[in-house]
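*Asks:* Protein chains in written order, with our numbering: chain A, 19 to 151; chain B, 5 to 279.
Honestly, the hints are just simulated from the structure, not real lab data.
Do not rely on the hints blindly, as some may be mistaken.
Said to hold, decoys possible - Pairwise CB distance ranges, derived in the manner of DEER restraints:
1) 22(B) / 43(A): 58 to 64 Å
2) 116(B) / 141(A): 28 to 34 Å
3) 200(B) / 35(A): 35 to 41 Å
4) 79(B) / 131(A): 46 to 52 Å
Said to hold, decoys possible - Derived, one-sided and incomplete: chain B residues facing chain A with beta-carbon distance under 7 Å:
5) 18
6) 161
7) 168
8) 201
9) 206
10) 207
11) 209
12) 211
13) 222
14) 228
Where a beta carbon is used, it is the ideal one built from N, C-alpha and C, also for glycine.
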Amino acid sequence: MYNKGTIIPGLIIFVLLITFPLWFNAFSKASTVPKVELPPGGQKECVAPAAEMRANHMVLLNEWRDDVLRDGNRVAVKVGGVEYRKGLQTACMACHTNKEKFCDTCHVYTSVKPFCWDCHLTPSVLAAKKETN
Amino acid sequence: MDKQRRKFLKIAGATALAGISAPVVVNLTGSPAVASAAKNQASAQAAAAGGHGDDTAPKGVKLGLLIDMRKLYGHPELLDKATQACNKAHNIPKIDNKKSEIKWIWKTPFANAFTDQSTSNASYTTRNNDFLVLCNHCAEPPCVRVCPTKATFVDKKTGIVAMDFHRCIGCRFCMMGCPYGARSFNWMDPLPFIEELNPDFPARMRGVVEKCNFCGERLALGKEPACVEAVKEAGAIIFGDLNDPNSEIRRILDKEHTIQRQAAYGTKPSVFYIV
Ligand code: SF4
Ligand code: SF4
């Protein structure tokens, strides 16, 4: 075998480099999954079970958007005797009044940048505007 | 998942640069989806192609608005009241700049509102009063025909010419299409210019077009449009289903002589005026 002296160390360095993210992660302390703030009002129920909301809230929001804007179906969603008017501002933000501690905690962690908030008003934006008036 | 507008524009731009934009454009406008939608919207129109102003068996609900100017002459404050109610309900920014201002409902002289009907030697009343104008929610809306993304569309349940800001890519074709100047473009982030925020309605982002939505969000709650409610005591604005023989607006339309803005364009406005 020719060039054994260079090929084998070279291979080892290559393998180390390629697996760098794996063992780097293993040695650095594991990142902690963010903990979101539940509704400060103490509401226990949402429009769907928590697990489903966690996985599919974006799908639901898109469905609501199309219902309201395109299909003219603005009928409120009724769950457990509570009516939720389809909408980020009218339904979600009514309970989850702290967007920074609820939405952002996960979105920042996962680096998901939804553009909902380019237009939709968060409770903190609403409050800030009130103060300046 | 959604594509962001910016991403869409970038891809569209790149495609255009690649020199294949021409076939894409042809495809878009000629696609069966667009063609069939246009057919549905104007079910009655097919039979009466090109016929202006004839009422061919309209179907379903067609919401419309009637402005009785006789009750508004000499009361510019009522026009302002209606406008302010709308601005407040829809988080409309106040931008004092002709190019950038956002208008859903506003006042304008007769000669501007009815460009094809202004006459010489008009009456004192006509010359000295402003007229309330807004999107006409046309039965044959050119803005809908030219919108490439269907961000502007006709809501089949109400006949409202609606806007879906989520889809608008800010191309402003609709502004070119609308002969009434009823659409405004957001040249800048409107949020800092909104005086009082309504938590029940969103704001907008830079780069989308907006216009009157006949208060679709209020109608869903059983309320009347904000402008109608604002001048309720004067009874100057009547709102309702043009196709319902028992609606107040239908009865007044049957009785009184009304005019529409630029009726000759064939857009069939759903906003009527008693002057
Ligand atoms: S008035 Fe203009 S914006 Fe409104 S429906 Fe007619 S063409 Fe479209
Ligand atoms: S600017 Fe007008 S025509 Fe263009 S996408 Fe938006 S609504 Fe449609």
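*Asks:* Each hint should be assessed against the structure and marked as holding or not.
*Replies:* Quick rundown of the hints versus the structure:
1. A C-beta distance of roughly 41 Å is found between residue 22(B) and residue 43(A), which places it outside the suggested range of 58 to 64 Å.
2. Distance hint check: the CB atoms of residue 116(B) and residue 141(A) are about 41 Å apart, inconsistent with the given range 28 to 34 Å.
3. Against the hinted window of 35 to 41 Å, the Cβ-Cβ separation of residue 200(B) and residue 35(A) comes to about 59 Å, which falls outside the hint.
4. At roughly 49 Å, the beta carbons of residue 79(B) and residue 131(A) sit within the given window of 46 to 52 Å.
5. A distance limit of 7 Å between C-beta atoms decides the matter here; for residue 18(B) the minimum to chain A is near 21 Å, and the interface restraint is violated.
6. Of the supplied interface hints, the one on residue 161(B) holds, with its beta-carbon coming within about 4 Å of a beta-carbon of chain A, less than 7 Å.
7. Taken as an interface hint, residue 168(B) checks out: its beta carbon lies about 5 Å from the nearest beta carbon of chain A, inside 7 Å.
8. A hinted interface residue such as residue 201(B) counts as satisfied when its beta carbon comes closer than 7 Å to some beta carbon of chain A; here the least separation is about 5 Å, so the hint holds.
9. Residue-level restraint check for residue 206(B) holds (minimum Cβ-Cβ distance to chain A is 5 Å; threshold 7 Å).
10. Interface restraint check: residue 207(B) against chain A, minimum CB-CB distance 5 Å, threshold 7 Å, status holds.
11. For residue 209(B), the interface hint holds, the least distance from its beta-carbon to any beta-carbon of chain A being 4 Å, beneath 7 Å.
12. The beta carbon of residue 211(B) comes no nearer than 10 Å to any beta carbon in chain A, farther than 7 Å, and the hint placing it at the interface is violated.
13. Taken as an interface hint, residue 222(B) does not check out: its beta carbon lies about 10 Å from the nearest beta carbon of chain A, beyond 7 Å.
14. For residue 228(B), the suggested interface contact is broken, since its CB lies about 16 Å from the closest CB of chain A, more than 7 Å.
In this structure, the earlier hints numbered 1, 2, 3, 5, 12, 13, 14 are contradicted, and the remaining ones agree with it.
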